[in-house]
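Colleague: Top line first, the protein sequences correspond to chains A and B.
Under the working numbering, residues 1 to 226 are what the first sequence spells out, in order.
Under the working numbering, residues 1001 to 1738 are what the second sequence spells out, in order.
Among the hints, erroneous ones may be present.
Result set (DSS-like, lysine-lysine): computed pairs, CA atoms no more than 30 Å apart in a straight line [what the hints assert, rightly or not]:
1. A/K2 to A/K210
2. B/K1650 to A/K137
3. B/K1452 to A/K137
Please keep in mind that the hints were generated in silico from the structure rather than gathered at the bench.
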Amino acid sequence: MKFGVVVFPGSNCDHDCYHVLKHVLGQETEFVWHKDTGVEKFDCLVLPGGFSYGDYLRTGAIARFSPVMEAVVRHAEKGKLVIGICNGFQILLEAGLLPGAMLRNDSLHFVCKYVRVRVENSDTPFTGGVSRGEVLKIPVAHGEGNYYADARTLEDLNREKRVLLRYCDGKGRVTPEANPNGSCENIAGICSQERNVFGLMPHPERCSEKELGSEDGLKIFKSIIG
Amino acid sequence: MTMQTLEITPEIVQRHNLTLDEYGEIKKILGREPNVTELGIFSVMWSEHCSYKNSKRVLALLPKEGKRMLVKAGEENAGVVDIGDDLVVVFKIESHNHPSAVEPFQGAATGVGGILRDIFTMGARPILSMNSLRFGKLESPLTRRLFSGVVSGIGFYGNCIGVPTIGGEVYFDESYEGNPLVNALALGIAHRREIVKAKARGTGNPVFYVGAATGRDGMGGASFASKDLSEESEKDRPAVQVGDPFLEKLLLEAVLELLKSGCVVAIQDMGAAGLTCSTCETASRGGMGIEIDTAKVPQRETGMVPYEIMLSESQERMLVILEKGREAEAKRIFDKWDLHAEEIGFVTNDGLMRVKQNGAAVAEIPAKSLADDAPVYVREEREPGHLRKLQNFDPKSLGDPGDLNAALLKLLDSPSIASKEWVYEQYDHTVRTNTVVLPGSDASVIRLKGTKKYLAVSVDGNSTYCYLDPYEGGKIAVAESARNAACSGAEPLSITNCLNFGNPMKPEIFWQFRKCVEGMRDACLAFGTPVSGGNVSFYNESPKGAIDPTPTIGMVGLIEGCEPVTSFFKKEGDAVILLGETREELGGSEFLKVIFGVKAGLPPRLDLTQAKKLNDLLAALAKKGLLQSAHDCSEGGLAVALAESCILNKGMEMGVTIDTALELSPAGFLFGESQSRVVVSVDPKSLEEAARTVESFSYPYRVIGKVGGKELRVNDLIRVPVEVLAHTWRNAIRRRME
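Construct the complete structure from the given sequences, taking the supplied hints into account.
Modeller: Quick look at the structure:
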């Protein structure tokens, strides 16, 4: 597969995503500068984590107006894959490719730690290689990962099985204690109606090598590669 | 009357923190009276912060030579250490104490920003940050405000720029009440040929100003940092700069791209003393002159005069000298990163720093006299009168400490010893995917992608020891940081240091300073770890007095040919060995401070030969793959070290049973802080080989117990469920802050 890792000014997980896709998984991978708009050759676009445009105004609020984002929308409309990780998820929300919004963590602090997430639906291009109910060990690192959506949107997301990941404890129980940021219904990741756009707060690229304490992130990337 | 024609009176000289003798010296250099802009320029360059005028003679004691040292301390913005295979490490620690005392969030944030710029302007990509923080007692609301602000500020900057903050240390002691210490360390990596120096050359080469526009923030910060803190300091708030980590991220990427292009002659961050320092230092290093016009400097406020432009410490600015004719190439890179760059001057060959405003001269000073010719003082020194009495204090006179289980829990609950999870969870410590040992171990360890090398970095310093015996304390600070690196399997290579002291005009303070440095020197020589750079922060005094002397040591160690070793127990049944000898050494211990509220006694003695032997022994054990875990005994002694080895691995805690002959007082055995001791665990199958290895080094050791169970048990002295230890230790700071 051919991956494009989008680089916004202020992206800082771009190299990490590139490293995993290119060097760990041996995929054809290129960086896509935010002023470029030619993304036709890619099968999957990655919007990496970081602080695009310093996250001034609101996380992801300025990045959505980057020239590349129009191309990302067209790419998604064609049914091709888009994965937004952390800041990338925030940008997808701002761009309207996924529903809901991000609030500041309920602790009001940035939080960086390993958490557990439960896979809620394995019938998507991003979770196909994982069993439903499987618990992944994966790090988070964000100040605004408190996912919010109104009751109706949450109902839709649940009914359409678009919540792909929820924060849980080591035994897979979705509890308030396991929620690192106050997200509605412990939501850690959701996908689009067509299942081709995926946004998640945890960082699979930071846990795709044994040396880093977990390889569970590979399960997501390998699902994409198929 | 304009600024330029203002008559210089003794009051104006004094307001610039210059003595009348120094003013006389300035007149001699210029052969005339300076104008006020020139006086301002001299005052920042000759401040302690920039010139080290009070510390230079003492700093000369520190060893700077070594086979791995490519750039020595003081030659450039940061030291450069060779780690083989064409790779070099660039690292440095710097203080941002005074700004953080006044405005903790921005003070700490800009401290991180400044040290990162020192690293990437040398051509190295920063790959980690660490810090050493000191505050008053956490019970005080002021301390909680400062602590919380500093931690948020460090996170704000480091998280945004995408450099992982992988660890550090935090201590709480009443001597830092109102005068917190914020020492930030950054480390970068580069190929050897990529290192650039901040040396001007080539008459006519253009001088560019890149980055944020200049404002009135941080006016004269370097001279602000060279005064005692007082209630008046609140009024200095405009001297604290405001950081923009996003802009710095753009600068970082642009500078590294620019340096790769080869069109750069020299580059220097505008840190302390801003435009003044960057121009005269690059000129002086290259034996050249520099001419700039302040009217061409981008400004974000109106009506700024040259005096303000030259002294501003606005953040995220760089001075870049380009090869003439390659401006367009550089401009393309600046444009790509949406950075504002202006040509503000050029290199000259007359050795002068010439400042003009719209073509009219406003300052003309020999660059070398600013950068290198500040007066050097030898300050009077005297041993503090009360010191002998403090050292002669006998801990035994305090009587029975009571319930030892309760004492252990009280130590684990004390914020200096407790888990710093509340702190490092606010720092992104996993970005860049190199952090193989997460914060909390003795040293933080990162891998170097594409190699089989790891770097182990630790930051250490025990100020109580330095207060009670500065020579021994200085030695121990270096020894502990080396031991921490060695515990992870690393060979200690080099240190950077941040020397935090009170007012050097006080003979007792200057005595502490010299003694600490002498101790550090002896330890650096013994370990073969030269000093690659650092900084001195004097005037750390609040109305209540000076801080305890606090040399902070940042040690870089190299792990090669083995996996990094971590501090926590791994497996039931593993044998526990205590390396080193335990003596009755409770003086200056955390136990005395926490249990009895006493800061007295003779701190532990450190034998440098033994300490070096221990480091070599640990390296040998790690290379043979014999270590399941290794954890240094420091504050809180053996009992706290054992407890930490039980509980450090969250979710995988395990107990240990210790049974060994007791030859000391129970408190001395459990909580004494004898040096050069490490608790290691080994697989029972390799116990014999491990013992043989230790014996081949003739290092004292004892097999003291076995990993397993759900309790920490030590003889019949200590018996506490691991769950209780973990809960107490993990929540101590959180429960005080939330």
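Colleague: What are the numbers of the hints that this structure violates, sorted from low to high?
Modeller: none
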